[in-house]
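Here the protein sequences come in this chain order: B and S.
The numbers in the UniProt record's numbering rise by one with no breaks, and the one at position 62 of the first sequence is 62.
The numbers in the UniProt record's numbering rise by one with no breaks, and the one at position 142 of the second sequence is 142.
Hints are computed from structural coordinates only; laboratory data are not their basis.
Here the structure is a predicted model, which means the values were calculated and not measured.
The C-beta atom is built at its ideal place from N, Cα and C for all residues, glycine as well.
Honestly, I wouldn't trust all of these hints.
[Said to hold, decoys possible] Distance condition first, Cα-Cα at most 25 Å in a straight line; then the derived SDA-like pairs of lysine to any residue:
hint : chain 1 : residue 1 : chain 2 : residue 2
1    : B       : LYS39     : S       : LEU241
2    : S       : LYS103    : B       : PHE47
3    : B       : LYS7      : B       : PHE25
[Unchecked claim] Ranges of calculated distance between the beta carbons of each label pair, as one might list FRET restraints:
hint : chain 1 : residue 1 : chain 2 : residue 2 : range
4    : B       : ILE66     : S       : GLY169    : 21 to 29 Å
5    : B       : SER87     : S       : GLY169    : 22 to 30 Å
6    : S       : ILE479    : B       : GLY55     : 53 to 61 Å
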Amino acid sequence: MDLSKVKDDRKLEICRWYYKGGWAFLPFLWAVNFVWFYKDAFQRPPFEEQKQIRGYVIFSGIGALIWSIALTTWIIIFQKYRVEWGSVGDELTFLIPSGSL
Amino acid sequence: MAVRVSLPKLCFTSRMSGLLDEAAGLMDGHIDEARVRGDDFDEVRDRNPERRHKERRSRPRPEQAENINDGDVNSAPGRAGDQSAEWLNDQEELRYGAQHVIKLFVPVSLCMLVVVSTISSIGFYSKKDGIYLVYTPFHETSPLASTKVWNALANAGILMVVIIIMTIGLILLYKYRCYMVIHGWLILSSFILLFIFSYLYLEECLRAYNIALDHITAVLLLWNFGVMGMICIHWVGPLRLQQAYLIFVAALMALVFIKYLPEWTTWVVLGVISIWDLVAVLTPNGPLRILVETAQERNENIFPALIYSSTVVYSIVGTANNETTGSSSGVQMDSPGDTESGFVPSWREEASEREAARRRAMDEEEVQIRPRNSSQNDVANELGLGDGEHLGDDQQRRQPAGRSPFRIREDEERGVKLGLGDFIFYSVLVGKASSYGDWNTTFACFVAILIGLCLTLLLLAVLKKALPALPISITFGLIFYFASTLLVAPFSDSLASHQVFI
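Go ahead and model the full structure; you've got the sequences and the hints to work with.
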């Protein structure tokens, strides 16, 4: 869908929906929301709904950032200590890599 | 004068120049003349019914026609002006078609790239482990070629019957307006593709590269990916993301076909399905043709989950005559104003406006040909479905049919639509070719398919109706594949072994 043809109130609706949807463990939705509405929130001459859109965009951006940091940290920790954790580590593993001789 | 004539070309490249052109047209005060010319146009069309179709397309740009007429008024009056307008329109259509070709090359190539790179890096998809689709009960286990051939033919026949039944089912559902059922079906199938098949894909990817991943991350990744895909395909999402998801879904489907269809069956299926495509789109009672015509009648778009649309923004001046042509498996030249995919709520909201404008343009034509009581309302009334919405339509229809030639419809989009099925089978062909590990063959098939697509789009520009996209491409692809594996590869091998260079 092409955002340039959408009316501002509809944009606000979509933006809000994406922001709310993001709470269902969907940081990707927040990231998309941030990128998609960035122009409308910050680079357009002011319009009525801009303030609200800006709020949602900022919160989405922060949420996505926090999620990505948390996920990266978790993945690093997991990769580092997977073997040390023993059976717990194995149970957590989605795919155990095969070793080589 | 020269400037005036060249202006209409520019107006398709940018919105601004379209506006400039418009302003110029107004300033020169040729409005009345243009109206007269426009009427003349109608008469010509009526005298040549078979040319009508062609001119319908050239008609939506009264502004353009007017400009050219202005140029010609002094030199050659009447028909000559129309002809040159038509000629210029054709020129412009072809030029525009070239842009479409590029717009479609990129996604088709990307889809093939995904499939080919997956096939060559992940062994899982080219390895046969004895599991096949339910529709292909014969597994070609015999060493005899004749047995393999009848196995393949039987499998392809069964698969075709399934496809035909499915298509007819879809048409019936669409015809009787069971939109809920169709949507449910599409949502279910995209759900399966986006969650289950991507789960398999992720697993095989990780296995191929031997990467450890924990359950938490895996679940989170799949959940995010799948939900975003569902939102993008069936609701609203950035256009690029939607296109990316459609390409990925098509690629996944192609991979499934490559993996779970027996060897020879794949090739036979490719041949048979392109013939089916030909029949379904071109015969008068072909199901896809019926689908297209019904969609036209209802002024609707075909479901976004079935079609990839390349949207090219450009501006068009004047009321557009929308002759939407297309199919779920075929190329479709999209008419201005309805590229925004089918059932998106925003589209729905604007639809009535557009419809009114369209109807006004269309009514003018239809009045001369037949009483304009399209079968849509009859069918709807018989079924008791044509309540509120249709009343609204009728009211809009009865609005004064005066076509204002200088209405600017900005930001109209126009693009070529290609069914996802075409993406899938193109990719199946190239992916299958690459699964034997010969890069020459792979490239030959890739080039053959793109040439076929070019030819199809060229035909589309000439014939201006919905065309099947598979036959030409797949025929070329099959010829190139067998020619290069059976002739070129042995030949170049023997040349290489004898150290002969040509």
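Here is what the structure says about each hint:
1. B:LYS39 to S:LEU241: holds (17 Å)
2. S:LYS103 to B:PHE47: violated (34 Å)
3. B:LYS7 to B:PHE25: With a Cα-Cα distance of about 29 Å, the restraint between B:LYS7 and B:PHE25 is violated, given a limit of 25 Å.
4. B:ILE66 to S:GLY169: 21 to 29 Å: Between B:ILE66 and S:GLY169, where Cβ atoms are some 47 Å apart, the hint is violated.
5. B:SER87 to S:GLY169: 22 to 30 Å: Between B:SER87 and S:GLY169, where Cβ atoms are some 51 Å apart, the hint is violated.
6. S:ILE479 to B:GLY55: 53 to 61 Å: Holds - the Cβ-Cβ distance for S:ILE479 and B:GLY55, about 59 Å, lies within 53 to 61 Å.
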